[in-house]
Amino acid sequence: MSGPKVVWDSGIEIAPVYAPDGAEKPGEYPYTRGIHPLMYRQRPWTMRQYSGFGTAAETHERFLFLIKNGNTGLNVAFDLPTQCGLDSDDPMAEGEIGRVGMAVDTLADMEEAFADIDLNKISVSLTINGSAVAIMGMYFAMAEKRGFSLGELRGTAQNDILKEFVGRGTWIFPVEPSVRLVGDTIEFCARQVPHYSPVSVCGYHIRESGATPAQEMAYGLAIACAYVDHVRARGLDVDEFAQGISFNFDIYGNLWEQIAKFRAGRRLWAKIMKERYGAKNPKAMQLRMIAGGGGAGLTVEQPLNNLVRSAYYALASALSGTQTMALCSYDEAYTIPSEQAAKLSLRTMQILMTEIGACDTVDPLAGSYFVESTTDEMERRIVQMMEKLDAEGGVLKAIAEGRVQADVNRQAYEHKQRVERGEIKKVGVNCFVDDEKSPDVEFHPYRREEAEKQIARLARVRAERSAAEVDRTLEAVRAAARSGENVMPSVIAAVKAYATVGEICGALKQVFGTYQEPVRF
Amino acid sequence: MTEKPIRVLIAKPGVDGHDVGAKVVCRALMEAGMQVVYTGLRKSPEEIAKAARELDADVVGLSIMSGAHLPLSEKVAESLKAAGVTRAKLLVGGVIPARDRGALEQLGVAAVFGVDATLGDVVSWVRANAGRAA
Chain D
1 MSGPKVVWDS GIEIAPVYAP DGAEKPGEYP YTRGIHPLMY RQRPWTMRQY
51 SGFGTAAETH ERFLFLIKNG NTGLNVAFDL PTQCGLDSDD PMAEGEIGRV
101 GMAVDTLADM EEAFADIDLN KISVSLTING SAVAIMGMYF AMAEKRGFSL
151 GELRGTAQND ILKEFVGRGT WIFPVEPSVR LVGDTIEFCA RQVPHYSPVS
201 VCGYHIRESG ATPAQEMAYG LAIACAYVDH VRARGLDVDE FAQGISFNFD
251 IYGNLWEQIA KFRAGRRLWA KIMKERYGAK NPKAMQLRMI AGGGGAGLTV
301 EQPLNNLVRS AYYALASALS GTQTMALCSY DEAYTIPSEQ AAKLSLRTMQ
351 ILMTEIGACD TVDPLAGSYF VESTTDEMER RIVQMMEKLD AEGGVLKAIA
401 EGRVQADVNR QAYEHKQRVE RGEIKKVGVN CFVDDEKSPD VEFHPYRREE
451 AEKQIARLAR VRAERSAAEV DRTLEAVRAA ARSGENVMPS VIAAVKAYAT
501 VGEICGALKQ VFGTYQEPVR F
Chain Y
1 MTEKPIRVLI AKPGVDGHDV GAKVVCRALM EAGMQVVYTG LRKSPEEIAK
51 AARELDADVV GLSIMSGAHL PLSEKVAESL KAAGVTRAKL LVGGVIPARD
101 RGALEQLGVA AVFGVDATLG DVVSWVRANA GRAA
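Going down the list, the sequences are from chains D and Y. At position 214 of the first sequence the residue is numbered 214 (my numbering), and the sequence of numbers has no breaks. At position 105 of the second sequence the residue is numbered 105 (my numbering), and the sequence of numbers has no breaks.
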């Protein structure tokens with residue numbers, strides 16, 4: 001099925017795929033042109049705006065608003081204490097409760113956030129890393145309590161801890177046990193939650209931290225290989241689990257460079273999975289991704305320009321054959337998006353999808369001398385970088401020693417200097433500058449009373465639950481962490497006893513310790 | 001002149017993990033010949049005050065992107081005072097709305113660098129205000 005016919009105003013009928021005889025087609029190894037034969041002619045990309053703030057109740061309202069306006073997936077933002085494995089009543093959480101995402105302490109919050117949402121229809125992405133085992137456990141437990149089977153759930157957890165050590169910074173445990181926890185989620189999902197992607201490997205934040213697009217892809221694929229190596233060492237075959245590894249890439253910058261990056265990355269991942277790891281299942285070779293965001297391209301100056309930037313970024317993403325798209329909103333350079341800004345991001349994607357023909361045919365740029373040539377060159381550069389990383393001891397070691405961090409930060413510094421010197425042009429920043437200053441940034445309001453409500457709610461849950469049951473299940477989490485058995489079943493049991501994110505992460509910290517950040521320049 | 005270099009502590013208070021800006025500023029100050037210590041992420045006000053005392057910092061710069069600049073700056077200012085760090089100038093950088101600048105100054109913050117500040121702005125300010133010649 002190629003969906004409804006596409007006929008232009010001039011009467012020309014558009015085929016889903018254009019390719020000369022013998023040329024690579026979409027949906028065929030090595031998937032340069034896309035992982036599905038018909039791509040958007042069959043199913044347009046999923047639109048999944050990042051959202052979440054305040055309490056579970058407030059976030060629930062925003063979820064319903066986005067779904068009503070055509071969001072086809074949810075992308076959940078958690079507040080920083082939740083992401084760092086701290087409860088709302090932890091002293092370090094003060095001032096941050098519900099600020100940049102939804103505050104989640106216990107299963108009760110998860111239940112409230114997703115009340116009445118059809119978890120077998122809406123795919124849900126959880127942007128959670130350091131505390132991912134606890135939050136994934138809560139999501140699965142909540143779904144089961146609502147009567148869904150784990151086999152019905154679709155969605156993704158970000159759960160890419162290695163990139164957190166490079167950018168974003170919500171690590172908790174040292175590198176080695178952190179990777180082991182990711183391995184536990186991959187193994188658990190491969191066996192019990194087969195349509196749920198336990199990891200979304202993020203070149204995105206490495207790019208946002210200063211990496212070039214080629215480096216973004218090289219580091220992303222190298223990190224994905226590190227997870228694959230880890231899980232294979234447990235005796236699993238890539239065909240059993242690799243389809244659970246998805247990707248998250250950035251879309252700001254030069255339009256053509258992004259397109260070359262995505263086409264090259266998709267082809268290279270297929271080759272790596274087949275040639276290095278012996279994958280036979282096509283799903284294990286297909287690079288599935290969310291290509292979106294573009295936050296580092298947005299500016300506080302003349303913020304409405306960001307709407308235009310985002311529209312071009314969205315075009316880059318669509319021309320690159322993404323599965324899912326999310327756009328940073330025009331006010332997101334400085335705040336949680338307002339409802340209006342979030343809706344405009346959604347409308348930007350919808351206009352692209354319905355009015356200007358972005359879904360007419362698959363990989364419309366294939367065969368362009370320019371695009372094919374830059375795709376090939378991009379692939380060569382990514383391969384070179386990955387080989388260099390391997391020759392220097394691998395990406396795990398490079399991250400643990402802080403070398404990747406120092407490298408991308410040096411580039412961020414050089415980039416900033418080049419913008420300040422005017423060598424890199426940025427509209428509204430160093431050219432086409434307005435005479436009058438841009439208006440002051442409008443922050444999403446932080447309401448202390450909402451934070452206090454969250455702390456009171458947590459106190460109530462703590463008082464009502466069985467303390468003995470919490471102690472028993474947390475002891476089981478510690479025991480699993482120590483023995484090396486998969487922690488997911490014991491974490492889910494603890495979650496069901498209403499143990500908190502902080503208690504679960506605290507139990508794991510007692511066994512694993514805490515990451516000591518290597519500060520090097 | 002052969003005086004000791006200006007000593008700057010750059011710190012990330014609270015739980016915000018975005019430190020590209022903090023590290024970029026560290027690098028700019030280092031290249032300007034200053035002695036710079038970066039605390040790393042997620043430091044409590046007490047840890048920051050202790051690091052400032054150990055460094056005998058001329059300047060303490062806080063990087064805050066999450067919007068929690070008012071409560072965090074207040075606590076760090078209190079901790080610095082409690083730790084006897086009275087000489088160091090306190091800077092705040094990050095996503096700071098202009099209307100909060102007055103409140104920050106009342107908390108004892110000597111200068112605020114928003115997202116539109118250049119590296120040159122920060123370096124010159126530190127040079128001019130660190131309390132001694134560079």
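What the hints contain is simulated information worked out from the structure, not anything from laboratory work. Be aware that a few hints might be false.
If you want the footprint, here are the derived chain Y segments under chain D, 3+ residues with CB under 8 Å [unchecked claim]:
#1 44 to 50
#2 82 to 93
#3 104 to 113
#4 117 to 123
Simulated pairs of lysine-lysine, DSS-like, Cα-Cα distance not exceeding 27 Å [claimed, not checked]:
#5 D/Lys416 - Y/Lys43
#6 Y/Lys89 - D/Lys416
#7 D/Lys453 - Y/Lys43
Just so it is clear, CB atoms sit at the ideal spot from N, CA and C, and this is done for glycine as well.
Do the hints match the structure? See the list:
no. : hint               : in the structure
1   : 44 to 50           : violated (count 1)
2   : 82 to 93           : violated (count 0)
3   : 104 to 113         : violated (count 0)
4   : 117 to 123         : holds (count 3)
5   : D/Lys416 - Y/Lys43 : holds, 26 Å
6   : Y/Lys89 - D/Lys416 : holds, 25 Å
7   : D/Lys453 - Y/Lys43 : holds, 26 Å
Consistency note: the structure conflicts with the earlier hints numbered 1, 2, 3.
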